[in-house]
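Engineer: Generate coordinates for the entire structure from the input sequences, incorporating the hints supplied.
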Amino acid sequence: MQDTYSLLREFADSWALLALTLIFLGVIGWAFRPGSRPLHDDAAMTPFRNDAATVPVARAPAGSAAPRIAGCANACPDCTCAKTLEALK
1 MQDTYSLLRE FADSWALLAL TLIFLGVIGW AFRPGSRPLH DDAAMTPFRN
51 DAATVPVARA PAGSAAPRIA GCANACPDCT CAKTLEALK
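Heads up, the sequence shown is in my numbering, so the first residue is 1 and it goes up one at a time.
Source of the hints: derived by calculation from the structure; they are not laboratory data.
Please note that a few of the clues may not be correct.
[What the hints assert, rightly or not] Ranges of calculated distance between the beta carbons of each label pair, as one might list FRET restraints:
hint: 1; residue 1: 16; residue 2: 44; range: 29 to 35 Å
hint: 2; residue 1: 46; residue 2: 17; range: 48 to 54 Å
hint: 3; residue 1: 13; residue 2: 51; range: 48 to 54 Å
hint: 4; residue 1: 49; residue 2: 16; range: 39 to 45 Å
hint: 5; residue 1: 6; residue 2: 49; range: 49 to 55 Å
hint: 6; residue 1: 2; residue 2: 37; range: 30 to 36 Å
hint: 7; residue 1: 47; residue 2: 80; range: 20 to 26 Å
hint: 8; residue 1: 50; residue 2: 4; range: 53 to 59 Å
hint: 9; residue 1: 5; residue 2: 37; range: 42 to 48 Å
hint: 10; residue 1: 9; residue 2: 42; range: 52 to 58 Å
hint: 11; residue 1: 23; residue 2: 46; range: 25 to 31 Å
Each residue gets a CB set at the ideal place from its N, CA and C atoms; glycine is no exception.
Structural biologist: Following this line, the structure appears as structure tokens:
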């Protein structure tokens, strides 16, 4: 009968190596699968999510010449949306 070290070493050199290689290839395949691009782009932009340069700008309503920040009604007494739009220009 073999000692425990030799048995575990033989297992690690064969089946464990094969299992870890298959897990590695599976993770790489999952990361580069088709359709995962939007998830990776969203994760890449997480640090910049609240920057002024990435604030979504809505189209101006018909008859209005000024662009607006999406979701802003420009009704605040100290509205900073106009300053943000100026900084984007």
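Engineer: Now, for every hint given, state plainly whether the structure supports it.
Structural biologist: Right, here's what the structure says about each hint:
no.: 1; hint: 16 <-> 44: 29 to 35 Å; in the structure: holds, 34 Å
no.: 2; hint: 46 <-> 17: 48 to 54 Å; in the structure: violated, 35 Å
no.: 3; hint: 13 <-> 51: 48 to 54 Å; in the structure: holds, 50 Å
no.: 4; hint: 49 <-> 16: 39 to 45 Å; in the structure: holds, 41 Å
no.: 5; hint: 6 <-> 49: 49 to 55 Å; in the structure: holds, 54 Å
no.: 6; hint: 2 <-> 37: 30 to 36 Å; in the structure: violated, 50 Å
no.: 7; hint: 47 <-> 80: 20 to 26 Å; in the structure: holds, 21 Å
no.: 8; hint: 50 <-> 4: 53 to 59 Å; in the structure: holds, 55 Å
no.: 9; hint: 5 <-> 37: 42 to 48 Å; in the structure: holds, 47 Å
no.: 10; hint: 9 <-> 42: 52 to 58 Å; in the structure: violated, 44 Å
no.: 11; hint: 23 <-> 46: 25 to 31 Å; in the structure: holds, 26 Å
Of the numbered hints listed earlier, those contradicted by the structure are 2, 6 and 10.
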